[in-house]
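Peer 1: Guided by the hints, dock chain A onto chain F, whose structure is given.
Number of protein chains: 2
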Amino acid sequence: MKLGELYCSRCSARLPFRYQDMKCDCGGTLLVAYDLEQVAKTLTKESLQLRYSSMWRYRELLPVRDPANMISLGEGWTPLLRMPNWENKLPLKQLWIKREEQNPTGSFKSRGFAVAVSLLKQAGATKAAVPSNGNAAGALAAYAGRAGIQAFVFIPMDCPSLIVDECPLYGATTVLVDGFIHDAAAIIESGRVEQGWVNLGTLKEPGRVEGKKTMGLELAEQLGWTFPDVIIYPTGGGSGIIGMWKSFLELKALGFIDCDMPRFVCVQEEGCQPIVDGVKKASSKTAAAENAQHLSSVGKIIPNPTGMRVPNPPDLELLLSIVEQSGGTAIAVSKEQIAAATLSLGADGISSSPEGAATWAAMLALCDSGWLRPSDRVVLFNTSHAMKYAKLGTSAAIPIIKTYDEFMVYRNL
Amino acid sequence: MKLGELYCSRCSARLPFRYQDMKCDCGGTLLVAYDLEQVAKTLTKESLQLRYSSMWRYRELLPVRDPANMISLGEGWTPLLRMPNWENKLPLKQLWIKREEQNPTGSFKSRGFAVAVSLLKQAGATKAAVPSNGNAAGALAAYAGRAGIQAFVFIPMDCPSLIVDECPLYGATTVLVDGFIHDAAAIIESGRVEQGWVNLGTLKEPGRVEGKKTMGLELAEQLGWTFPDVIIYPTGGGSGIIGMWKSFLELKALGFIDCDMPRFVCVQEEGCQPIVDGVKKASSKTAAAENAQHLSSVGKIIPNPTGMRVPNPPDLELLLSIVEQSGGTAIAVSKEQIAAATLSLGADGISSSPEGAATWAAMLALCDSGWLRPSDRVVLFNTSHAMKYAKLGTSAAIPIIKTYDEFMVYRNL
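In order, the protein sequences belong to chains F and A.
For the first sequence, the residue numbers in the numbering used here are 1 to 413.
For the second sequence, the residue numbers in the numbering used here are 1 to 413.
Isolated chain F (complex conformation) (with noise of 0.2 Å):
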């Protein structure tokens, strides 16, 4: 089969392949358009039963084509988890947690990363940059390192140290910058021709978006072939939105599903949130945050939700009508909300990146505000892992024994 055309999301425009450059003239993302009659030839519910776990599964609905250039370190199909416990307190019958942190580098960038490296690698390039608020950088690092490409990663210095300390590791050269994610894609875009590197930030090139399109096609598998009412997403530059989205049409236009899209709801930190404020313009209601209940700080570590810290995402009218058309919703939540989740959700087994807890978080305060209802079937994504994000020194409450006697003395104070 050759390789998909481009098609522009906004006029619709069709355009050969190329990795690098996905604006169309009228301003549009361009997306990877694939031949679905021919798709539908061999990917079909059944031939996917024998397959591997992995997210190369659905390979027909991903634009690399020679098993030699799949960059894989082991991404994909990772549990959906359900919360029984939860069920039982909420006003929710069903809720599921995808563990997007079982992916190979700790995060769900892990996808988008393996589908854009493997571009490159059909292409024969060989140096690539990404400015990143974290996981982004630890996953181009990684499969870079695995294809052979040299790595350039641009990082603002508020960004946790553990994720910013893996880069190296993984042989990328590795630049903190004073300053926010669009001033390190300003620095990348000032040295891309200089210095040979192509571009992986967010909708620059169609691979991220394909990648993380397999957490859609995952999630429809993962439940039957249908999809969820709700999902609720921690929201940056968008691009699992987008790519969740396209993985739905894609399955309605193979027939795999007919039934209605999800809601999608954008979750995003409070004074970071032009996708909140992009709805509120757009529908003048009040949006569901301000009914959000305000949890009490009770976690000693109150991480940042860096990776929804993207001030402009590169396509918010895409985003916007996205999840205007599945009738969904955006909201912000706070520091406060996210910190209080994580330790929920650490008591329920689940160590969850802020930007995961920060989905909880919106999932509550939804239940309260009586916008998500008792008969939705809800999926959280939990993007990370909580670990990435962690302070040391964070211990120093934790006793020193030596003895049971030592033990006993700590418990009754």
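Treat the hints with care, since some could be wrong.
Stated by the list, open to error - The calculated lysine-lysine pairs, modelled on DSS-like cross-linking and capped at a C-alpha distance of 30 Å, are:
(1) Lys41(A) / Lys280(A)
(2) Lys127(F) / Lys23(F)
(3) Lys391(F) / Lys335(A)
(4) Lys335(A) / Lys280(A)
(5) Lys45(A) / Lys246(A)
(6) Lys281(A) / Lys23(A)
(7) Lys402(F) / Lys281(A)
(8) Lys23(A) / Lys246(A)
(9) Lys280(A) / Lys246(A)
(10) Lys89(A) / Lys335(A)
(11) Lys41(A) / Lys45(F)
(12) Lys391(F) / Lys391(A)
(13) Lys252(A) / Lys23(A)
(14) Lys89(F) / Lys335(F)
(15) Lys127(A) / Lys246(A)
(16) Lys41(F) / Lys45(A)
(17) Lys41(A) / Lys252(A)
(18) Lys252(A) / Lys45(A)
(19) Lys89(F) / Lys89(A)
(20) Lys23(F) / Lys402(A)
(21) Lys127(A) / Lys23(A)
(22) Lys281(A) / Lys246(A)
(23) Lys252(F) / Lys93(F)
(24) Lys23(F) / Lys93(F)
(25) Lys89(A) / Lys127(F)
(26) Lys335(F) / Lys41(A)
(27) Lys391(A) / Lys335(F)
(28) Lys252(F) / Lys23(F)
(29) Lys45(F) / Lys45(A)
(30) Lys335(A) / Lys93(A)
(31) Lys402(F) / Lys41(A)
(32) Lys402(F) / Lys127(A)
(33) Lys41(A) / Lys391(F)
(34) Lys402(A) / Lys127(F)
(35) Lys391(A) / Lys335(A)
(36) Lys93(A) / Lys246(A)
(37) Lys45(A) / Lys93(A)
(38) Lys402(F) / Lys391(A)
(39) Lys281(F) / Lys335(F)
Think of the hints as simulated: they come from the structure by calculation, not from any bench.
Peer 2: Okay, now just chain A, sitting in the frame of chain F:
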């Protein structure tokens, strides 16, 4: 199907099933027995093809019967990653890494505690304690949280602080011990009756070995129902070695596989090497460790492989017997070798724990010494994420910039 009996791995005595106290009167370790004729009625290669990708796919070979008692966080069926870049460089035709860090708690310990905590749930127990060099503590904390069981974890104070920190996040009572893991174990034994703790230490109960067994079942299935020639495994208490050995015996008894057992290689840290010493003594040969090439230290970060620091494995005799029967060996590696291995794996996109990196170092040494043959199909186990062992402050050397010009200054230094 009724719960399996127990059998003694030393004298073959049969006993009724129990979930505490795994010592036979003869001193041997008690393991779970199954009615394999009964198992074979539903567990077949064909039935497995359609089962969910979790370690519970092998439920007939696990000692939990009621699905309501199966405490699952999405463990098992981790990727078995081929290492083509290194197959081209090393005298080894087939090299794989089992990526155990992709388990829910970021380490292989998820497997054992999923089963151990499920057994507690099945028995109605309410409190559990474990002595741990790190990842076992986090796993007990997570699974106990999920099950609504109170967890008490006792961790030697030289263990990685991030691993310590995650235990209270999961709601566990967390205590640092000024001593070794056997000192932590002694504290638990002192308080066990008074506190009502079930001790989930290595080989103290039947669940952890059964959970670890699934690594062997998966390995065989992922390799198309064959065994690899060699398994290189970082060994502390050794329940993984015992579990995998048991799984292979069960697969042979079930008629799933009819080939030679893999050679088991136990990897330990120089200076804490009871298995290496035991093998040396038994065979009166020079251990492979002495031929190990000492690599220079190239990493700034040299974390401690605390998971292998078990001076007194609970059943050393059984471990030595498995190594001998399988034609395997044991090898000690240095911290410098581990640091170099961490960077080699990192450059190929893999974040390895020091214990996982130790298996890489052992593999290199065994290639050098000729113990590994080019035709051997070799599997290494990466038991946890590098991240969990991270020390902060290592990013001090990472440059901070504002502009592309500043990047160029840094590049030209």
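Peer 1: Taking each numbered hint in turn, which are not upheld by the structure, reported in ascending numerical order?
Peer 2: Hints 1, 7, 19, 24, 26, 31 and 33 are the ones this structure does not satisfy, whereas the remaining hints hold.
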